[in-house]
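Chains as they are written, first to last, in this note's numbering: chain A, -14 to 530; chain B, 181 to 625.
Among the hints, a few may not be true.
Each pair of labels, with its calculated beta carbon distance range [as the list claims (entries may be wrong)]: (1) B:230 - A:30: 24 to 34 Å; (2) B:295 - A:208: 54 to 64 Å; (3) B:447 - A:503: 31 to 41 Å; (4) A:139 - B:230: 27 to 37 Å; (5) A:481 - B:301: 56 to 66 Å; (6) A:485 - B:302: 19 to 29 Å; (7) B:442 - A:485: 49 to 59 Å; (8) A:118 - B:400: 37 to 47 Å; (9) B:401 - A:461: 30 to 40 Å; (10) A:208 - B:302: 54 to 64 Å.
Once the Cα atoms are required to be at most 25 Å apart in a straight line, the calculated SDA-like pairs of lysine to any residue come out as [claimed, not checked]: (11) A:364 - A:394; (12) B:449 - A:207; (13) A:528 - B:442; (14) B:439 - A:215; (15) B:320 - A:207; (16) B:573 - A:64; (17) B:398 - A:475; (18) B:256 - A:475; (19) A:528 - B:445; (20) B:182 - A:207; (21) B:440 - A:161; (22) A:210 - B:506; (23) B:256 - A:19; (24) B:320 - A:112; (25) B:201 - A:64; (26) B:243 - A:61; (27) B:439 - A:264; (28) B:489 - A:161; (29) B:440 - A:475; (30) B:439 - B:587; (31) A:320 - B:623; (32) A:210 - A:269; (33) A:528 - B:507; (34) B:489 - B:506; (35) A:528 - B:452; (36) B:201 - A:65; (37) A:276 - B:402.
Where chain A lies over chain B, by a calculated footprint (3+ residues, C-beta under 8 Å) [to be verified]: (38) 318 to 328; (39) 496 to 502; (40) 537 to 547.
In short, the hints are calculated from the structure, not lab data. Don't be surprised by glycine CBs; every beta carbon is placed ideally from N, CA and C.
Next come the chains, spelled out residue by residue.
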Amino acid sequence: MERRTFLKIGAGTAGTLLVPVFGNAIAAEELLNPLASSFKKSLADTAMDAAKKAGASYCDVRIGRYLNQFITTRDLNVESVTNTESTGVGVRVIAAGAYGFAATNTLSPDAVAGAARQAVAIAKANAKLQTEPVQLAPAKGVGEVSWATPIKRDWRTVPVKDKADMLIAANKAGLAAGASFMTANLFQVNQQKYFASTDGSYIDQDIHRLWAPINATAVDKASGKFRSRAGLAPPVGMGYEWFDVKPEHKIRAAGGVTTLYKGGYDIVEEARNAGRQAREKLTARTVDPGKYDLVLAPENLFLTIHESVGHPTELDRVLGYEANYAGTSFCTLDKWESRQFNFGSKIVNFVGEKTTQGSLGAVGYDDEGVPAKRWDIIKDGILVNYQATRDQAHIIGEQESHGCSYADSWSKVQFQRMPNVSLVAGKNRLTPDEMVKDVKKGIYILGRGSYSIDQQRYNFQFGGQLYFEIRDGKIGQMLEDVAYQSNTQDFWNACTAICDERDWRMSGSFFDGKGQPSQVSAVSHGTATTRFNGINVINTGRKIG
Amino acid sequence: MKQLNAEEAKQICDRVLGMAKADECSVTLSGSRNGNIRFARNSVSTAGLNEDRSLVVTVAYGKRQGTATVNEFDDKSLERTVRRAEDIARLAPENPEYVPMPARQDFKASAEYVAATAAIDPDYRAEVAAHAITEGRKRKLVTAGFFTDSTGFQTIANSKGVFGHREYTGLNFTCTARTEDGRGSGWVTRAAVDAQRFDAREAVDVAIEKALRSVDAKAIEPGRYTVILEPAATSEIVGRMVNAFGARQADEGRSFLAKKGGGNRLGEKLFDEQVNIWTDPWDKDVPVSPWDTQAMLARRRTDLVKNGKVASLDYSRFWAQKNGVPPTARPGNFIMAGGTQSLEELIAGTKKGVIVTRTWYIRMVDPQSLLLTGLTRDGTFYVENGKIKYPVKNFRFNESPVTMLNNVDGLGKPVVIGGEEVPYQMVIPPMRIRDFNFTSLSDAV
């Protein structure tokens, strides 16, 4: 499920305290001192020794220090600057064939040994209701290794004032271009994650992510109409160099309707375009419902991929672990076993991976210590694989995990989460402008809008930010009130053209929710501009009162 | 986690307020113990207990504000936290919309704490899961579910004289039962402050019955139908509407409550006159905090919709000051008036219609008209001449709660519902609604 909430409700079922999703607030200068690896190794060894002595057959220890900052601006005001930190240790064990997990925020040998013993006690209690023992795919210990997001500029070293000035400059540009109201936010994440296991791994990772969402709203008070245009730029697994934009980072959308970004981001230019386009939306022509050939920019298609391909190929959903919440999946094991399930047309190829530089999912190792890798999920339109963790690999006949384990905090147990799931670029040379030339009656859609899909991922309805009519091979006027509806399998079988590698880029979801209690993760999806023929478009315009 | 009483909590708050050198200081002290058990595939998958305490200190120098948090309570840690908050405030840019902290408020306690709920232990949780699992197995169903309980306290205080302390308990349970062949699915949700008002067996039986009845669903054409919406099916739809009652958005022209030509629609009749919605922190079924923590303002019983008219809007402290009106506390619950009929009686009075157990993945399509889209899930049935005839396939809907609440055909007896994606405890009746707009079919079971 794609969740939009940046804040979550705390203080139990009856509480109403708004707390940041990331952790506790601290001063910025404290964020730059990592815990020493030797200290973390010593703590991890203490926990693993205690777990083994208590009867565990396996133990892993995650020592996390999550450091974040978010800045919120509205028009020409900075509404808030929040620095947060969360530090602690999570211990997962297998004992009597069952999992147990316990966590502590006290970084002392006594506390972590206590957590380990508690985890073993929980495992033994859970074993009584266990139907079959946990079976982990083999994973060779990797020894003492480290990995870091390859950043050029650390957000923690950039003065808050410079960041706030940049966001305010963006708001100012949007307002000058036609917006009545502007917001610009900056989410900055640093996860210092240490993983150790009884397999012999001691992995130290330093992970960075950024997202700078903007939103422009134009109001026509006379008619009472208002329209918004959100930013099109993706969240990234990069440092602050994301904002050092160069000409080669700018991409001209089909027909030159706007500017898009890859590798660098001009937030002020984007805000200016958003302000202008929000104003244009007030007078855009309402769409005639019917069948259209859709040309979907990566900035729109990524979330369709996330919902209709990423989630249904999660093996835990297929097996029923999310049946009570996020749902199950239409991609059942029998369809995969047949090796004939026609997920999409022959040009449709999806890969799972956690290796693409700059993506939200990029890590050296997952939260079970499995090295990041790349594998096929849909091959030539056929469902060939899922996303799996160590305890799931044997179910699909794999000898090793896909490395899809993740927890959003040291205090939460790790479970199966989506890697980057991406549509492979087309093999034939094709640009978005060339793709549009082949369309008689179509719509070009950019940006993420309203997204909804059923719990088994068949029926969906998706919107966007910008819609342009395509008639007789040319991009025409702006449209509004557009949403496309389809069934996942029908939709991907209607895929008739994919632009080539030159147009391939990643967008992503920063707060993807799953599990009970819910956890969030961040993931990117790559694609080039892609065409789907004969898709049902509805008109969402309504009048009330 | 030690459950602090008012006196113990006040001592900590007073120490913190006394350490602050900034112009203003506020403190939020809280602690909670949250237990949970999750099960799936007729087996427990995870179980846990989280205990934590937290102190949030916010200070202001003029219009510059800073916040810091700690979960240790010795004098040194408290002092360090106050200094951190002051450091951040000095670094932060001025916020022209900053409003000085509120003065002393009168908080009338809500009956949020029940000892029976606070006494829930791992055995109790395991018993809830075990009942669902064993009943599921017995009926050849696969069950999945989540039970969570919480016990905690929260204290607020500031340098202008605000002080409040509350202790609370609560529980939530959801359970899904699916037939082994995946052709039927049923679901139930229950929320309570008092564990003695929660019956796991009763709840699980509802999910099981729905699962068994929903096998072999027929496809009927999407279109406009009379629907009988169970309370859980409307909770998130109506909750999203209540979320959009902000005065600022309406006055600025970017809300469904904005008036053509400027201003807002306060006082206008936007709904059927049977529609009455209010918030009340002291409601006996859904007691919530008597204050809005963020604003540190006392909550009041407030009508939101009265006989179909928009009765009030939310005024933040900034927007209230700008408009010369009193600020309002954001609600923590809402109650919608219903009738005396049971769900069964509503069904019995329906000539042709569709019963909806649960809605799913609701998202805003158009904030101008509050148009929402989403799907039905886990038990959708066709009714003819007052009787359930057969299960039907799930639908996608595109509907606005404003339109929906203009098409009220009957209201049943309200029940307690906990929010999943909206931050409210709710009391909502089952409703019979005319012309509900189903736009397509879903194959999902």
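Evaluation of the provided hints:
1. B:230 - A:30: 24 to 34 Å: holds (25 Å)
2. B:295 - A:208: 54 to 64 Å: Holds: the Cβ-Cβ distance is about 57 Å, inside 54 to 64 Å.
3. B:447 - A:503: 31 to 41 Å: Hint holds: Cβ distance 39 Å, inside 31 to 41 Å.
4. A:139 - B:230: 27 to 37 Å: holds (32 Å)
5. A:481 - B:301: 56 to 66 Å: About 59 Å separates the Cβ atoms of residue 481 (chain A) and residue 301 (chain B), which means 56 to 66 Å holds.
6. A:485 - B:302: 19 to 29 Å: Hint violated: Cβ distance 57 Å, outside 19 to 29 Å.
7. B:442 - A:485: 49 to 59 Å: Distance hint for residue 442 (chain B), residue 485 (chain A) holds at roughly 51 Å.
8. A:118 - B:400: 37 to 47 Å: Between residue 118 (chain A) and residue 400 (chain B), where Cβ atoms are some 45 Å apart, the hint holds.
9. B:401 - A:461: 30 to 40 Å: For residue 461 (chain A) against residue 401 (chain B), whose Cβ atoms are near 34 Å apart, the range 30 to 40 Å holds.
10. A:208 - B:302: 54 to 64 Å: Once the Cβ atoms are compared, 60 Å apart, the range 54 to 64 Å for residue 302 (chain B) and residue 208 (chain A) holds.
11. A:364 - A:394: This hinted pair is violated, its Cα atoms lying about 34 Å apart.
12. B:449 - A:207: holds (21 Å)
13. A:528 - B:442: holds (18 Å)
14. B:439 - A:215: holds (24 Å)
15. B:320 - A:207: violated (61 Å)
16. B:573 - A:64: violated (47 Å)
17. B:398 - A:475: holds (21 Å)
18. B:256 - A:475: violated (63 Å)
19. A:528 - B:445: Holds - the C-alpha atoms of residue 445 (chain B) and residue 528 (chain A) are around 15 Å apart, at most 25 Å.
20. B:182 - A:207: Answer violated: residue 182 (chain B) to residue 207 (chain A) is near 57 Å, above 25 Å.
21. B:440 - A:161: Between residue 440 (chain B) and residue 161 (chain A) the Cα gap is close to 24 Å, so the pair holds against 25 Å.
22. A:210 - B:506: violated (28 Å)
23. B:256 - A:19: holds (23 Å)
24. B:320 - A:112: holds (22 Å)
25. B:201 - A:64: Judged against 25 Å, a Cα distance of about 22 Å means the pair holds.
26. B:243 - A:61: Status holds; Cα separation ~15 Å.
27. B:439 - A:264: Measuring from Cα to Cα gives roughly 19 Å; hence the hint holds.
28. B:489 - A:161: violated (38 Å)
29. B:440 - A:475: Between residue 440 (chain B) and residue 475 (chain A) the Cα gap is close to 42 Å, so the pair fails against 25 Å, i.e. violated.
30. B:439 - B:587: Answer holds: residue 439 (chain B) to residue 587 (chain B) is near 22 Å, not above 25 Å.
31. A:320 - B:623: holds (16 Å)
32. A:210 - A:269: Roughly 12 Å between the alpha carbons, so the hint for residue 210 (chain A) and residue 269 (chain A) holds.
33. A:528 - B:507: violated (31 Å)
34. B:489 - B:506: Measuring from Cα to Cα gives roughly 21 Å; hence the hint holds.
35. A:528 - B:452: Answer holds: residue 528 (chain A) to residue 452 (chain B) is near 16 Å, not above 25 Å.
36. B:201 - A:65: At roughly 21 Å apart (the allowed maximum being 25 Å), residue 65 (chain A) and residue 201 (chain B) satisfy the hint.
37. A:276 - B:402: holds (18 Å)
38. 318 to 328: holds (count 5)
39. 496 to 502: With 0 residues close enough to chain A, the hint is violated.
40. 537 to 547: holds (count 8)
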